[in-house]
Amino acid sequence: MSYRDAYAAWKSDPDGFWMEAAGAIDWTTKPTKALHGGGPAGNDWFADGAMNTCHNAVDRHVEAGRGAETAIIYDSPVTGTKAEITFAELQGKVAALGGALAAQGVVTGDRVVIYMPMVPEALVAMLACARIGAVHSVVFGGFAAHELAVRLNDCTPKAILAASCGIEPGRVVHYKPLIDGAIAQSEHKPDFTVILQREQGPCELVEGRDHDWNAFVEGAEPAPCAALPAMHPLYILYTSGTTGSPKGVIRPAGGHAVALAWTMRNLYDVTAGDVYWAASDVGWVVGHSFIVYGPLIAGCATVLFEGKPVGTPDAGTFWRVISEHKVKSFFTAPTAFRAIKRDDPKGEFKAKYDLSCLNYLFLAGERADPDTVNWAADLLKIPVIDHWWQTETGWAIAGNPAGLELLPVKVGSPTVPMPGYDVQVLDEAGHEVAPGTLGAIAIKLPLPPGTLPGLWNGEARFRKSYLEHFPGYYETGDAGMIDEDGYVWIMARTDDVINVAGHRLSTGAMEEILAGHPDVAECAVIGVTDELKGQLPMGFVCLTKGVNRAHDEIAKECVKLVRDEIGPVAAFKLAVVVDRLPKTRSGKILRATMVKIADGAEFKMPATIDDPAILDEIRAAVSDLGYPLKA
Numbered sequence: 001m002s003y004r005d006a007y008a009a010w011k012s013d014p015d016g017f018w019m020e021a022a023g024a025i026d027w028t029t030k031p032t033k034a035l036h037g038g039g040p041a042g043n044d045w046f047a048d049g050a051m052n053t054c055h056n057a058v059d060r061h062v063e064a065g066r067g068a069e070t071a072i073i074y075d076s077p078v079t080g081t082k083a084e085i086t087f088a089e090l091q092g093k094v095a096a097l098g099g100a101l102a103a104q105g106v107v108t109g110d111r112v113v114i115y116m117p118m119v120p121e122a123l124v125a126m127l128a129c130a131r132i133g134a135v136h137s138v139v140f141g142g143f144a145a146h147e148l149a150v151r152l153n154d155c156t157p158k159a160i161l162a163a164s165c166g167i168e169p170g171r172v173v174h175y176k177p178l179i180d181g182a183i184a185q186s187e188h189k190p191d192f193t194v195i196l197q198r199e200q201g202p203c204e205l206v207e208g209r210d211h212d213w214n215a216f217v218e219g220a221e222p223a224p225c226a227a228l229p230a231m232h233p234l235y236i237l238y239t240s241g242t243t244g245s246p247k248g249v250i251r252p253a254g255g256h257a258v259a260l261a262w263t264m265r266n267l268y269d270v271t272a273g274d275v276y277w278a279a280s281d282v283g284w285v286v287g288h289s290f291i292v293y294g295p296l297i298a299g300c301a302t303v304l305f306e307g308k309p310v311g312t313p314d315a316g317t318f319w320r321v322i323s324e325h326k327v328k329s330f331f332t333a334p335t336a337f338r339a340i341k342r343d344d345p346k347g348e349f350k351a352k353y354d355l356s357c358l359n360y361l362f363l364a365g366e367r368a369d370p371d372t373v374n375w376a377a378d379l380l381k382i383p384v385i386d387h388w389w390q391t392e393t394g395w396a397i398a399g400n401p402a403g404l405e406l407l408p409v410k411v412g413s414p415t416v417p418m419p420g421y422d423v424q425v426l427d428e429a430g431h432e433v434a435p436g437t438l439g440a441i442a443i444k445l446p447l448p449p450g451t452l453p454g455l456w457n458g459e460a461r462f463r464k465s466y467l468e469h470f471p472g473y474y475e476t477g478d479a480g481m482i483d484e485d486g487y488v489w490i491m492a493r494t495d496d497v498i499n500v501a502g503h504r505l506s507t508g509a510m511e512e513i514l515a516g517h518p519d520v521a522e523c524a525v526i527g528v529t530d531e532l533k534g535q536l537p538m539g540f541v542c543l544t545k546g547v548n549r550a551h552d553e554i555a556k557e558c559v560k561l562v563r564d565e566i567g568p569v570a571a572f573k574l575a576v577v578v579d580r581l582p583k584t585r586s587g588k589i590l591r592a593t594m595v596k597i598a599d600g601a602e603f604k605m606p607a608t609i610d611d612p613a614i615l616d617e618i619r620a621a622v623s624d625l626g627y628p629l630k631a
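In the UniProt record's numbering, the protein residues as written are 1 to 631.
Everything labelled a hint here was simulated from the structure, so no lab data went into it. Predicted, not measured: the structure shown is a model, and the values here were computed from it. Mixed in with the good hints, there may be bad ones.
[Stated by the list, open to error] Think about it this way: if two alpha-carbon atoms lie no more than 27 Å apart in a straight line, the pair counts; the simulated DSSO-like pairs of lysine-lysine are:
1. K604 to K556
2. K588 to K308
3. K308 to K350
4. K573 to K588
Using the sequences plus the hints, can you model the full thing?
This is the structure we're talking about:
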């Protein structure tokens, strides 16, 4: 089936399309129809069916005679550890932990917070919760105590599953003091914690509350897979909210499993026995969908990598992992490739490794700028596929469906909408705009299976955040356009479209131009307040390793590039070279925080920031450009 055929099949018969897709997973009670239409967004999928995600990810492969095949490939350059876990071994570990949790009083619907590094036990913890019907909420290991406390208060977990520490390049991050601090701050107190002691940073346990992981599971009665309604929440995942308080995205189990089974085959082109690697973290949605559930539901071996794209030990670590473990399909963020390109601009490390196993590179998490896409494509000589989705959707809104057919690439576009997504570009009044016109990107309701039906403790906030602005649509918060061929172009977050003397301009388009400068490794453009024009673009560029030229000259060249490409209407005259950009731990640039610094506004320190010290460097660079404006 071609992409056009698949999309047309969904359009003409959505219920039939998704019922056929639902045949790819096991059901304890088969649904009688796909869409039931309940909830504020009308996306209650397979609501009269019952299933278990852990069974679909683990047990059914063992029952099919594949128990001896590899499920998890653990590769940890920061600890020098490598291990492989088969489906049968994984089943044993997950059933034991599930049984131990049940014996401690955890029942279906209870919440469990998971606060762990990239170790196999993190996956075991998630699957064990799924097995018994507990709702897990993974919090990125190392999050500050206050941020963890906020999440404890919101989801009120019965237990915390954690590790004693995480390993970052050159340092150990001790988790236990953060957990203790969060519990002390939180109004809600979990009944107990289970701590995986790591030799790099063991911790003291609180008697009566804390359990040693190994002792906790020893001798536990293995738990069976509970039959759960399709709309039962598999997990709650917190995403940053515009008000500063996190939003708990709910993921219903049945639609999630169906959507992931469909997308693993049709988008990523992998099937049972293939090796799939998403270089992300279990704390993010990519980790949930494409380190844990997607690959295992598909019967793939999933690579669990505890390291960084550079520095563990060098810019060739990704190539080593791909070569050594025979990765077929690889998914990471563009920022990872920008880091590799900055350290190894000629891609010389790649020559040490045989990458003939690798069929595709997928990029997502932020805009994949053409310079990065072209650099990767030239280096790897394979399709480099940008795709676009969100924590809220759980899987791709738009992509290039390698498992159906590879469509012609338009660098800078994540290609076309996936079946289930009726993507439209709207003006402020909610009217669809002409092809090639910049506007707000929205998805006509209902959303497809696997997408959020609401927020934990937040129906009113869900409506306000996503549904009210454009009635009948889900508002993505992204701005862009759809061209004459139906290709989607994501140019910026809606609030990154700036207004310069009445002209609506995309900061993303300016970033594309700056990224084309031969000395620029990565960049960011923000809109700052201007007394005359309302807003002006301000560009920040980081240089490729080894560039040793006057920064003022490079900044002038960047200004000229934008003015030559977009014209004087861009009013681009503020550019500065910086050593690094402020980012979240997942690699997203904190543009909104940079805007507040440039405008002299107060801001809350982002909970997900990788290194707060970078903000002082940005403040100094902004000041050199004469901002914030003096009153």
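Now the hints, each set against the structure:
| no. | hint | result |
| --- | --- | --- |
| 1 | K604 to K556 | violated (33 Å) |
| 2 | K588 to K308 | holds (15 Å) |
| 3 | K308 to K350 | holds (16 Å) |
| 4 | K573 to K588 | holds (25 Å) |
Hint compliance for this structure: hint 1 alone is broken.
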